[in-house]
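Novice: So the sequences go chain by chain: A and B. Going by our numbering, the first sequence runs without a break in its numbering and finishes at 173. Going by our numbering, the second sequence runs without a break in its numbering and finishes at 114.
If you're looking for bench data, these hints aren't it; they were derived computationally from the structure. Note that CB positions come from ideal geometry on N, CA and C, so glycine has one too. Among the hints, a few may not be true.
A few chain A residues that don't get close to chain B, going by computed Cβ distances all over 12 Å [unchecked claim]:
| hint | residue |
| --- | --- |
| 1 | F6 |
| 2 | D24 |
| 3 | P61 |
| 4 | S66 |
| 5 | L79 |
| 6 | N139 |
| 7 | T163 |
Simulated pairs of lysine to any residue, SDA-like, Cα-Cα distance not exceeding 25 Å [stated by the list, open to error]:
| hint | chain 1 | residue 1 | chain 2 | residue 2 |
| --- | --- | --- | --- | --- |
| 8 | A | K81 | B | V97 |
| 9 | B | K69 | B | G84 |
| 10 | B | K69 | A | D107 |
Using C-beta positions, here's what the derived DEER-type ranges look like [unchecked claim]:
| hint | chain 1 | residue 1 | chain 2 | residue 2 | range |
| --- | --- | --- | --- | --- | --- |
| 11 | A | V14 | B | I73 | 19 to 25 Å |
| 12 | A | A115 | B | I5 | 35 to 41 Å |
| 13 | B | L83 | A | D85 | 22 to 28 Å |
| 14 | A | S110 | B | A15 | 22 to 28 Å |
| 15 | B | A12 | A | N96 | 45 to 51 Å |
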Amino acid sequence: MQKAKFPAIAATFVLCFLFWILLDFSFKIEELIAGAVVSLLVALFSARFLVHEKAGWFFNPVHLFSAVFFWCGTFLVELVKANVDMAKRCFGGCKNINPGIVKVPVDLKSDYGQAALANSITLTPGTITMETTEEDGQNYFYIHWIDVTAPSGKEAGDAIKGTLEKGLRRVWE
Amino acid sequence: MIVRIIADVLIAIGAIFALAGTIGILKMPDTFSRMQASTCIPTLGMLGAMLGALLIAIFVKADAGAAVKIAVIGLMILVTNPLGSHAIAKGAYKAGVRPEKKMETDDLGRDLYD
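Construct the entire structure; sequences and hints are all you get.
Specialist: Structure (structure tokens):
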């Protein structure tokens, strides 16, 4: 396990402190100081688990805005579409399903990007990421899919995560 | 008044999607399909209810602290739900849970477990 570096600690500290303010939501000076001390302690101990790559990534406004745009725009639209589809299947008596596990290639390289993509896929009704592997430098996800319309490979990948991956590439690549 | 109506409509939409998810949990034929249906509840079901509550907290009650807490609750559910779903699905598959009806394709079993 690598030692926590200063930028990692600073990033974790900022995150913890913002969260403290959100939860507490009072701006008395004593409470802010207490929050800063607690955040610093937490950051010292947990920064090496939280931050593995560049620590300042999210404090770049371009990345921040493209991330907000992705989750409030592209992802929300996909989420609503998938939800309506799944609700139709449920109200239709749950007969109209065709489940299976497919293996799709993933082009995102960084750990964070892959984690975000896997979680976005899992959060969309109808698809759950079950396992990730790497073969010959190409990453693959095993995805449980409620309605298999294409065999494993690029085609299934486009159907499941085409727009999501395009949006995430702008954030993480 | 208008805000109140919009908030109520949002909460009703959330309730409808939660109902869909619950019907799915009860009637889907196998474990993984049931988990898929249940994902409706923490996404649009929760999101609709939380957005409605947020509107009420901001415009009807005018309570900033409550609004922030509602937003944080929604965010935490959205962040933590996929981790749990993934862990349960993978754990169930590893423990040997398989659907009664054969799956359309099963690459995970072909490559890693069977």
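Novice: For each hint, tell me whether it holds in the structure or not.
Specialist: Hints and how they fare:
no.	hint	verdict
1	F6	holds, 26 Å
2	D24	violated, 9 Å
3	P61	holds, 20 Å
4	S66	holds, 18 Å
5	L79	violated, 6 Å
6	N139	holds, 14 Å
7	T163	holds, 17 Å
8	K81/A / V97/B	violated, 29 Å
9	K69/B / G84/B	holds, 22 Å
10	K69/B / D107/A	violated, 36 Å
11	V14/A / I73/B: 19 to 25 Å	holds, 22 Å
12	A115/A / I5/B: 35 to 41 Å	holds, 39 Å
13	L83/B / D85/A: 22 to 28 Å	holds, 23 Å
14	S110/A / A15/B: 22 to 28 Å	violated, 39 Å
15	A12/B / N96/A: 45 to 51 Å	violated, 25 Å
Against the hints set out earlier in the document, violations occur for numbers 2, 5, 8, 10, 14 and 15.
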